[in-house]
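Visitor: The chain contents come next:
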Amino acid sequence: MRNAFASELTALAAGDDRIVLLSGDIGNQLFEDYKRKAPRRFFNCGVAEANMMGVAAGLAGCGLKPITYTITPFMTTRCLEQIRVDVCYQNLPVIIVGVGGGLSYASLNATHHSCEDIAFLRMLPNMTVVCPGDPLEVRQALRAALDINGPVYLRLGKKGEPLVHSQLTDFKIGKAIVLQEGEHVCLLSTGNILPVAVQAAALLAKDGITARVVSMHTVKPLDVALLSDVFDRFPLVATLEEHSVLGGLGGSVAEWLADRGHGYARLLRIGTADAFMYVAGEQDFAREYFGLTAESIATRVRNLYRQTTLKASSTSLA
Amino acid sequence: MEYEAIARRIRAKLVELSHTAKTAHLGSSLSCVDILVALYWGVLRLDIHQPFDEARDRFILSKGHAATSLYAVLAERGFFPKELLDSYASPGSRFSEHPIRGAAPGIEVTSGSLGHGLPLAVGMALAGRIRNQDFRVVVVLSDGECNEGSVWEAALLAAAQGLERLMVIVDYNKWQATGRSEEVMSIRPLAEKWKSFGWSTYEVDGHDIETLFRVLSQLPDGSGKPVAVVANTVKGKGISFMEDDNNWHYRIPNSAEVQRARQELGLL
Numbered sequence: 001m002r003n004a005f006a007s008e009l010t011a012l013a014a015g016d017d018r019i020v021l022l023s024g025d026i027g028n029q030l031f032e033d034y035k036r037k038a039p040r041r042f043f044n045c046g047v048a049e050a051n052m053m054g055v056a057a058g059l060a061g062c063g064l065k066p067i068t069y070t071i072t073p074f075m076t077t078r079c080l081e082q083i084r085v086d087v088c089y090q091n092l093p094v095i096i097v098g099v100g101g102g103l104s105y106a107s108l109n110a111t112h113h114s115c116e117d118i119a120f121l122r123m124l125p126n127m128t129v130v131c132p133g134d135p136l137e138v139r140q141a142l143r144a145a146l147d148i149n150g151p152v153y154l155r156l157g158k159k160g161e162p163l164v165h166s167q168l169t170d171f172k173i174g175k176a177i178v179l180q181e182g183e184h185v186c187l188l189s190t191g192n193i194l195p196v197a198v199q200a201a202a203l204l205a206k207d208g209i210t211a212r213v214v215s216m217h218t219v220k221p222l223d224v225a226l227l228s229d230v231f232d233r234f235p236l237v238a239t240l241e242e243h244s245v246l247g248g249l250g251g252s253v254a255e256w257l258a259d260r261g262h263g264y265a266r267l268l269r270i271g272t273a274d275a276f277m278y279v280a281g282e283q284d285f286a287r288e289y290f291g292l293t294a295e296s297i298a299t300r301v302r303n304l305y306r307q308t309t310l311k312a313s314s315t316s317l318a
Numbered sequence: 319m320e321y322e323a324i325a326r327r328i329r330a331k332l333v334e335l336s337h338t339a340k341t342a343h344l345g346s347s348l349s350c351v352d353i354l355v356a357l358y359w360g361v362l363r364l365d366i367h368q369p370f371d372e373a374r375d376r377f378i379l380s381k382g383h384a385a386t387s388l389y390a391v392l393a394e395r396g397f398f399p400k401e402l403l404d405s406y407a408s409p410g411s412r413f414s415e416h417p418i419r420g421a422a423p424g425i426e427v428t429s430g431s432l433g434h435g436l437p438l439a440v441g442m443a444l445a446g447r448i449r450n451q452d453f454r455v456v457v458v459l460s461d462g463e464c465n466e467g468s469v470w471e472a473a474l475l476a477a478a479q480g481l482e483r484l485m486v487i488v489d490y491n492k493w494q495a496t497g498r499s500e501e502v503m504s505i506r507p508l509a510e511k512w513k514s515f516g517w518s519t520y521e522v523d524g525h526d527i528e529t530l531f532r533v534l535s536q537l538p539d540g541s542g543k544p545v546a547v548v549a550n551t552v553k554g555k556g557i558s559f560m561e562d563d564n565n566w567h568y569r570i571p572n573s574a575e576v577q578r579a580r581q582e583l584g585l586l
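As they're listed, the protein sequences go chains A and B.
Once you know that position 21 of the first sequence is 21 in the numbering used here, the rest is easy, because the numbers rise by one and skip nothing.
For any residue, its number in the numbering used here is found by taking its place in the second sequence, counting from 1, and adding 318.
To be clear, the hints were calculated from the coordinates, so they are not data collected in a lab.
You may find that some hints are simply not true.
[Unchecked claim] List of simulated lysine-lysine pairs, DSS-like, C-alpha gap at most 30 Å:
1. B/Lys543 / B/Lys513
2. A/Lys220 / A/Lys159
3. B/Lys543 / A/Lys37
4. A/Lys206 / A/Lys311
5. B/Lys340 / B/Lys400
6. A/Lys35 / B/Lys543
[Unchecked claim] Pulled a few chain A residues facing chain B out of the computed Cβ check, cut under 8 Å:
7. Ala56
8. Leu59
9. Gly61
10. Val85
11. Gln90
12. Asn126
13. Pro221
Just so you know, even glycine gets a beta-carbon here, dropped at the ideal spot from N, CA and C.
Okay, chain B solo, but in the shape it has when bound:
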């Protein structure tokens, strides 16, 4: 499968970036790769030659700690030359450990502090309505991020306004920084929470790209409501010794681990 191959290349890049730049959050970045691949290769209406076109769909990576996923996807998709990523996290680079709005084409918002992306997205969706534009707004949240009250403030307003061109995808990998997300806060049942907040809700395998294409493309889905997709994912997905091991929230792979990862991804 072509898309799986893209996802593998991106995962290898994430491992390499974490190793070279000595930056954390690798597990979180790996868990949302397939979601981003589905969005950028099959869902979002974007033109890499006109990245600021007013009619473009907007994508917001609200879980900004997965910045490398966004960077690698944008580079792979052709928004900027892949070589630019070599500067990632080095002093003076535009690519910091969390994204900064406008750092490169395709980076729509600044994120890093959790719970900010959805309110921004609601504003963008309202802007589209005010200006009679039919662009859509898609936000990826982490499950830990759903601890933030501002997420639920935004969820209430989006439903009240019937923002049917707005989609939330929760990268539900069941972990937050220091523990199981369902133990730290009472996050379960997550899909029912979104549903009860007035959102049209779907639950999917967040690593099945074909299914993601199909479900994420349904925006608007005809319900007149904003759409929430709870994507069941595995933190550290794609690299056996990182999968569902929360040490990789902060751990940085050494050279041998980078080699093993590349081997598993079929890139050696």
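Next up, chain A with everything else stripped away, as it sits in the complex:
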């Protein structure tokens, strides 16, 4: 995802002299091409994220389109105060890009995990939160973010994520994408876990449970039209994210559902537990640790689907 981001940004910056890239002392090789094309619009702001965010707001206040970039926890919770006051309160068009969302950098320990960032940032008024699910979504999300005249948080994975879409033409912030149709359950995925959602759907299909798989790349604003439809249509809707079950996509959908007051579907929130990880391990290990592999997701969905439909059929028999 980060290579797709860098290449798309470089192409965009060549044609739009309002774009300014601020890096928190990372991505040196990554932005070589960008720096060649827009040398006066790249600043390494050092290991000083609070300042970097304020600088971005200052640039945006003068009509530029700053994009801040560093590792997710440092780009979000480290400088949350600056995001809240300088960017969101002043409602300025800063694109905040976190690389290594969720468990991407699992092996570096929880200092580098980012399983609370969606929750913190979506709380902020004026903020848009976008978590692309594959490299194509990253490119489209960046383009779309540049058209929003306000703060946007763009949450990337790392590098090497597979393409989920073969092509993507109709990307809109706030409009979820249906990847595949299914009859029995609906999987709403946000961010870098999208390929796992597709794998989980394939496993469910082997058991005769077909899943509609949705890339819910935008967590704020929610695509409530899609939510209304799937909660009336399916007996089970599961949210998937490499983020805490508290406050992320699952939390957002739960809030929406509580306010809606009715719905046919049961909601299952799948994400990381309300816990830090205190052991070593790469992303694959961390996904196992938190029950975020395709197998464990399929098992949970399958069991709850059977329970739910069994209860429904016994109720109707009675």
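Dock chain B against chain A, hints included.
Guide: Here is chain B on its own, set in the frame of chain A:
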């Protein structure tokens, strides 16, 4: 002196606003009045008829708790009618106890949380460079504000980028909310700190408007560095019973005190 007379009128307005609206931070507001008068009457390139002109100099009151100083100065300078200030801090007013960006012409940024103004200013100065504009950016910080790490993050970047059109003025009144600033944190020697961070540094009497005109006008000063001016000030300046008394960080003057203040300022 014309400028001293302006400063006295503004101080009287600050006392009145604090009394009427029952808002704190009067001592902090009084301490930076002369700095703002020097900036707005002799330093900043601003046109009250084109307050959003892209080429204008930018002023940032980072010590947002001195909002009334900024409001009163902008009104006195003609950015908006003085009557607008009557609504200060009342429910629904655009003039809250800390400034909100765009609330009125001349209010460039939102401040109130300390340590935000200088990073914003660095961004503005970089924007000027990117766009080949020669506007300057001036920020007023409080000494207590220099406790915030983000101030020093910004100071490091500004020096690395050689932002010679950026100026910091520290309103060094030696007090922060609950104590002497040099006792709460090790702020001394303040001018040397800025100097060692790579800034071209000056130390001035922050109540001597003529000197302020001269020093603050030197931007850029030819050094190729950002400029830091440590302005030695007195909290509560101009009103004898408030001067250097930190109770006036929070105290609100009663009617008799307002009268006394007006008398001392020669407005009665």
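Visitor: Given A/Pro221 as an interface hint, is its Cβ closer than 8 Å to any Cβ of chain B?
Guide: 24 Å, violated
Visitor: Does the CB of A/Asn126 sit less than 8 Å away from some CB of chain B?
Guide: 12 Å, violated
Visitor: Is it true that the CA of A/Lys206 sits at most 30 Å from the CA of A/Lys311?
Guide: 23 Å, holds
Visitor: Go through the hint on A/Val85 and say holds or violated, using the shortest Cβ distance to chain B against 8 Å.
Guide: Where the cut-off is 8 Å and the nearest Cβ of chain B is about 5 Å from A/Val85, the hint holds.
Visitor: Take the C-alpha atoms of A/Lys35 and B/Lys543, compute the straight-line distance between them, and say whether it is at most 30 Å.
Guide: At roughly 24 Å apart (the allowed maximum being 30 Å), B/Lys543 and A/Lys35 satisfy the hint.
Visitor: What's the verdict on B/Lys543 and A/Lys37, does the C-alpha distance respect the 30 Å limit or exceed it?
Guide: Given that 30 Å is the threshold and the Cα spacing comes to 27 Å, the pair holds.
Visitor: Holds or violated: are the alpha carbons of A/Lys220 and A/Lys159 at most 30 Å from each other?
Guide: 24 Å, holds
Visitor: Any CB of chain B closer than 8 Å to the CB of A/Ala56?
Guide: At 6 Å from the nearest chain B Cβ, A/Ala56 passes the 8 Å test, so the hint holds.
Visitor: Given the hint that B/Lys340 pairs with B/Lys400, does the C-alpha gap stay at or below 30 Å?
Guide: With Cα atoms ~19 Å apart, B/Lys340 and B/Lys400 stay inside 30 Å; holds.
Visitor: Should the interface hint for A/Leu59 be scored as holding, given a Cβ-Cβ cut-off of 8 Å against chain B?
Guide: 4 Å, holds
Visitor: Take the C-alpha atoms of B/Lys543 and B/Lys513, compute the straight-line distance between them, and say whether it is at most 30 Å.
Guide: 10 Å, holds
Visitor: Double-check A/Gly61 for me: the hint is only fine if its C-beta lies closer than 8 Å to a C-beta in chain B.
Guide: Holds. Min distance 7 Å.
Checked against the numbered hints given earlier, this structure breaks hints 12 and 13; the rest are met.
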